[in-house]
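**Q** Residue numbers (our numbering): 1 to 107.
Please note that a few of the clues may not be correct.
Okay, the calculated beta carbon distance ranges per label pair [to be verified]:
id, residue 1, residue 2, range
1, Glu38, Asp75, 15 to 25 Å
2, Ala76, Arg23, 18 to 28 Å
3, Glu5, Ala86, 36 to 46 Å
4, Gly93, Ala6, 35 to 45 Å
5, Pro73, Thr41, 38 to 48 Å
6, Gly88, Ser16, 21 to 31 Å
7, Arg20, Thr41, 15 to 25 Å
8, Glu99, Glu5, 12 to 22 Å
9, Glu85, Glu5, 31 to 41 Å
10, Glu5, Ser92, 39 to 49 Å
11, Pro90, Ala6, 16 to 26 Å
12, Glu79, Arg19, 10 to 20 Å
13, Glu79, Glu38, 23 to 33 Å
Think of the hints as simulated: they come from the structure by calculation, not from any bench.
We treat Cβ as the ideally placed atom computed from N, Cα and C, and that holds for glycine.
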Amino acid sequence: MAESEAWREKAARIRSVVRRVPRGQVATYGDVAEAAGEDVTARQAGRALKGAGGAARLPWHRIVAAGGRIALPGDAGLEQRMRLEAEGVPFSGRRVRIETCRWKQAD
DNA sequence: GTTATGACTCGTA
DNA sequence: ATACGAGCCATAA
């Protein structure tokens, strides 16, 4: 099997967290990982989103790296930035102003 | 089994 | 600001 049972559930939790991120706000991989569970790391958050984009109704574009940096390479990164700007997420150069639009679990 | 790679983060230079 | 290394973990070769 390419995906173990444990990983599949972990990935499901991660996607579920991402799905709760409201429009106009963003979260970091670390934030998603922490919200998804204590056994989840930032790398796993990114891994779970890889391939999930486009395949599911997932606001993958609201997930950025620490400090509001866009981690997604190539055209996908440009699209992410475009989508975020379309939602009213403030940018500072090539970074998101994470301090002003960072999502907290406490809605 | 090992090695390399990547949507991670942090510390140090 | 950029560059590198260490720790981290799943996949691919």
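**Q** A separate judgement is required for each hint: does it hold in the structure or not?
**A** Cross-check of the supplied hints:
1. Glu38 x Asp75: 15 to 25 Å: violated, 35 Å
2. Ala76 x Arg23: 18 to 28 Å: holds, 20 Å
3. Glu5 x Ala86: 36 to 46 Å: holds, 37 Å
4. Gly93 x Ala6: 35 to 45 Å: Roughly 39 Å apart at Cβ, these two residues keep to the hinted range, so it holds.
5. Pro73 x Thr41: 38 to 48 Å: Given about 20 Å between the Cβ atoms, the range is violated.
6. Gly88 x Ser16: 21 to 31 Å: holds, 24 Å
7. Arg20 x Thr41: 15 to 25 Å: Check passed, 19 Å falls within 15 to 25 Å.
8. Glu99 x Glu5: 12 to 22 Å: violated, 38 Å
9. Glu85 x Glu5: 31 to 41 Å: holds, 39 Å
10. Glu5 x Ser92: 39 to 49 Å: Check passed, 42 Å falls within 39 to 49 Å.
11. Pro90 x Ala6: 16 to 26 Å: violated, 38 Å
12. Glu79 x Arg19: 10 to 20 Å: This hint holds: roughly 19 Å between Cβ atoms.
13. Glu79 x Glu38: 23 to 33 Å: holds, 32 Å
Hint compliance for this structure: hints 1, 5, 8 and 11 are not met, and every other hint is.
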